[in-house]
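Chains as they are written, first to last, in this note's numbering: chain A, 1 to 376; chain B, 1 to 303.
Do not take every clue at face value.
To be verified - Some chain B residues flagged as far from chain A (calculated, every beta-carbon gap over 12 Å):
no., residue
1, PHE5
2, ILE14
3, ILE17
4, GLN33
5, PHE115
6, GLN134
7, LEU148
8, VAL192
9, ILE225
10, ALA267
11, ILE270
Unchecked claim - Per the computed footprint, the stretches of chain A lying under chain B, defined by three or more beta-carbons under 8 Å from a beta-carbon of chain B, are:
no., segment
12, 207-219
13, 343-351
It is worth saying that the hints were derived from the structure and are not from the lab. We treat Cβ as the ideally placed atom computed from N, Cα and C, and that holds for glycine.
For reference, the chains in residue letters:
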Amino acid sequence: MRNFRILFFIPLAAIIAFSGCGKKEPVIKIGVSAPFTGDQASIGLTILNGTKLAVDQANAKGEIIPGYKLELVPIDDQHNPTQAVTAAKKFVSDPEVLGVVGHLNSSCTKPASQIYHNGRLVQITPASTNPDISKQGYDTFFRVCATDDLQGPKAAQFAFNELGARNIYVIDDKTTYGKGLADEFKKAFEKLGGKVLGRQGITQGDKDFTPLLTKIRPLNPDLIFYGGIFPEASLLIKQSKDLNIKAPLMAGDGIFDMTLINLATPQAAEGTYATMIGTDVKSMPQAREFVQSYEEKFGPIGSYSAYSFDAANILIDAIRQAGTTNREKVVEVLKSGKTFPGLLGQTEFDANGDTKNKIVSVFRVKDGKWEHVRTV
Amino acid sequence: MELFFQQLINGLTIGTIYALIALGYTMVYGIIQLINFAHGEVFMVGAYIGLTVILVFGFAAGASLPAALLYLLVILLISMIVCGLLGVLIDQVAYRPIRNSPRLVALISAIGVSFVLQNAVMLIYGPMDKGIPQIFPDIKFIFGEVTLTLMQLIIMAVSLVLMIFLNFLVQKTQIGRAMRATAQDHKMARLVGINVNRIISLTFFIGSSMAAVGGVLFGLYYHTINFHDGYLAGLKAFTAAVLGGIGNIPGAMVGGILIGLAEGLGAGYISSEWKNVFAFVILILVLLFKPTGLFGERVSDRA
Numbered sequence: 001m002r003n004f005r006i007l008f009f010i011p012l013a014a015i016i017a018f019s020g021c022g023k024k025e026p027v028i029k030i031g032v033s034a035p036f037t038g039d040q041a042s043i044g045l046t047i048l049n050g051t052k053l054a055v056d057q058a059n060a061k062g063e064i065i066p067g068y069k070l071e072l073v074p075i076d077d078q079h080n081p082t083q084a085v086t087a088a089k090k091f092v093s094d095p096e097v098l099g100v101v102g103h104l105n106s107s108c109t110k111p112a113s114q115i116y117h118n119g120r121l122v123q124i125t126p127a128s129t130n131p132d133i134s135k136q137g138y139d140t141f142f143r144v145c146a147t148d149d150l151q152g153p154k155a156a157q158f159a160f161n162e163l164g165a166r167n168i169y170v171i172d173d174k175t176t177y178g179k180g181l182a183d184e185f186k187k188a189f190e191k192l193g194g195k196v197l198g199r200q201g202i203t204q205g206d207k208d209f210t211p212l213l214t215k216i217r218p219l220n221p222d223l224i225f226y227g228g229i230f231p232e233a234s235l236l237i238k239q240s241k242d243l244n245i246k247a248p249l250m251a252g253d254g255i256f257d258m259t260l261i262n263l264a265t266p267q268a269a270e271g272t273y274a275t276m277i278g279t280d281v282k283s284m285p286q287a288r289e290f291v292q293s294y295e296e297k298f299g300p301i302g303s304y305s306a307y308s309f310d311a312a313n314i315l316i317d318a319i320r321q322a323g324t325t326n327r328e329k330v331v332e333v334l335k336s337g338k339t340f341p342g343l344l345g346q347t348e349f350d351a352n353g354d355t356k357n358k359i360v361s362v363f364r365v366k367d368g369k370w371e372h373v374r375t376v
Numbered sequence: 001m002e003l004f005f006q007q008l009i010n011g012l013t014i015g016t017i018y019a020l021i022a023l024g025y026t027m028v029y030g031i032i033q034l035i036n037f038a039h040g041e042v043f044m045v046g047a048y049i050g051l052t053v054i055l056v057f058g059f060a061a062g063a064s065l066p067a068a069l070l071y072l073l074v075i076l077l078i079s080m081i082v083c084g085l086l087g088v089l090i091d092q093v094a095y096r097p098i099r100n101s102p103r104l105v106a107l108i109s110a111i112g113v114s115f116v117l118q119n120a121v122m123l124i125y126g127p128m129d130k131g132i133p134q135i136f137p138d139i140k141f142i143f144g145e146v147t148l149t150l151m152q153l154i155i156m157a158v159s160l161v162l163m164i165f166l167n168f169l170v171q172k173t174q175i176g177r178a179m180r181a182t183a184q185d186h187k188m189a190r191l192v193g194i195n196v197n198r199i200i201s202l203t204f205f206i207g208s209s210m211a212a213v214g215g216v217l218f219g220l221y222y223h224t225i226n227f228h229d230g231y232l233a234g235l236k237a238f239t240a241a242v243l244g245g246i247g248n249i250p251g252a253m254v255g256g257i258l259i260g261l262a263e264g265l266g267a268g269y270i271s272s273e274w275k276n277v278f279a280f281v282i283l284i285l286v287l288l289f290k291p292t293g294l295f296g297e298r299v300s301d302r303a
């Protein structure tokens, strides 16, 4: 037995001995963090892929600061706030990391933003929409997507005016994002004169929502609004159809993913509405090249592919303009009020770090696909 | 009132699945006084095997009802055999070598097995939710305001048949008698010529195959499966086993159904936000006021 143990230590010793040797090329690291495993991985990976594409393209064009190459450092946050904070600490403690693209979930972005702020590290989220995050006074926080205080009211207007919904039921998943969006929607919908028949929370990871839906059915709502992400939404849709509930489900950007349709089955998902914090990327002529090279590498373009691509490019651009590997300088460039061109148009950050270029559009499931209804 | 019946159906459906899983906990506990915490994972593996069979054989949606029932039979049989063997393997590898160690050692080993299985499935099938194709036609039975889907009916029927069969096996057959004897006293059972190790393996096989059925039905009902789904379902089934009186087979069945009903009615009438709390409140209450459970006749403390 003892011999085996020695055998185990030899490679370990070798790794320790050699890791110090060899002149390493100087690099600038860009962190990216979102759920890359688990039930939300299919949208989390669109963030990883979008960022990766931007970094690869920048490297192919040459060094952004003379002598340095870009390197992507992905860390999986498993949509768990604790893991997100751990990821943030890892990024902050590595001096070569100059900026982070992430996270997906507002509940992760919010606690992590404090760590980034203390480490003076720029964070650009392509997806977290909770409005409170940018009101914490952290000047390292930036966001390229619209927020829920816009998405919620826009969704409410669409439901009230276009769909003619008057009586609705609101469900949320009790997370920062889900609850925040549902609150904004409910507030705006009631302001328009609509009636909210009830409001209930569910738990992420739960599978059986039939008791809640059974309770909703006799209320006969025109629409069910859900604040949350697609794994639970797909089950809500499927189970409500099984219970013969006629009301369609409407939700925010968190359900805008093909996986929703696959999990809920195309028949049940038909007529589901989602608002998206941005526009239909596929219809934009300036995005054609991006869509093509993305789909060649990673398959069909997903919810946040374009947003994370833009976020990463803005970050790379800021590092280039800063011209040093000093984190503080990168923060200053982004704070300076410059505009950054990208797929989504001209991105300009306001004093809170939010983009001034806020668009919300509505999508609907038709024939098993997400169809762009219109920009609202 | 219609609402109540609908909630009853909802609760019964998930309750029978809990009952199937709870059987494995209770049988293994009855025979070697071990809480097999890897059992929830066997349930999850069962669902994945079911998915694999559907994909390999190409069982597609839109089949007629008799064909779909035949598919189900094939899926269940394969999943039961694979998971049954997995259960036996787990026992051989992780529990048998430490059979005479303190109970806590085996418990820790069980938790280790649970991690291994979760991560193995994640590596094999990937970390994302897997959609499970619908193999049954979309049939609903509507009684006034109450709807019962074909899938719900099948879940209840399959579970009921299996529970009756298991009860018969344990109470009326030679094997069942050997199992009960082993549960009472290993040494005495050995003295009267029972191969105790084989009976333990058999118990693991049966318990795990019941979990496999639960897993397949769970997957077909919710259409999606993830590698960590075994954790919560396993914990609730464990609660069901404790509620019924751990070690007692009819207790596990009744316990499972009661947990399902408590969840369905609690979430429906009180609040869906607290859905997962109801099962565990019951666990705490049972442990405080009737630790032997509803049907537990003795506090077995002889190990």
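Here is how each hint holds up against the structure:
{"no.": "1", "hint": "PHE5", "in the structure": "violated (10 Å)"}
{"no.": "2", "hint": "ILE14", "in the structure": "violated (5 Å)"}
{"no.": "3", "hint": "ILE17", "in the structure": "violated (10 Å)"}
{"no.": "4", "hint": "GLN33", "in the structure": "holds (31 Å)"}
{"no.": "5", "hint": "PHE115", "in the structure": "holds (15 Å)"}
{"no.": "6", "hint": "GLN134", "in the structure": "violated (6 Å)"}
{"no.": "7", "hint": "LEU148", "in the structure": "violated (10 Å)"}
{"no.": "8", "hint": "VAL192", "in the structure": "holds (41 Å)"}
{"no.": "9", "hint": "ILE225", "in the structure": "violated (9 Å)"}
{"no.": "10", "hint": "ALA267", "in the structure": "violated (4 Å)"}
{"no.": "11", "hint": "ILE270", "in the structure": "violated (10 Å)"}
{"no.": "12", "hint": "207-219", "in the structure": "holds (count 10)"}
{"no.": "13", "hint": "343-351", "in the structure": "violated (count 0)"}
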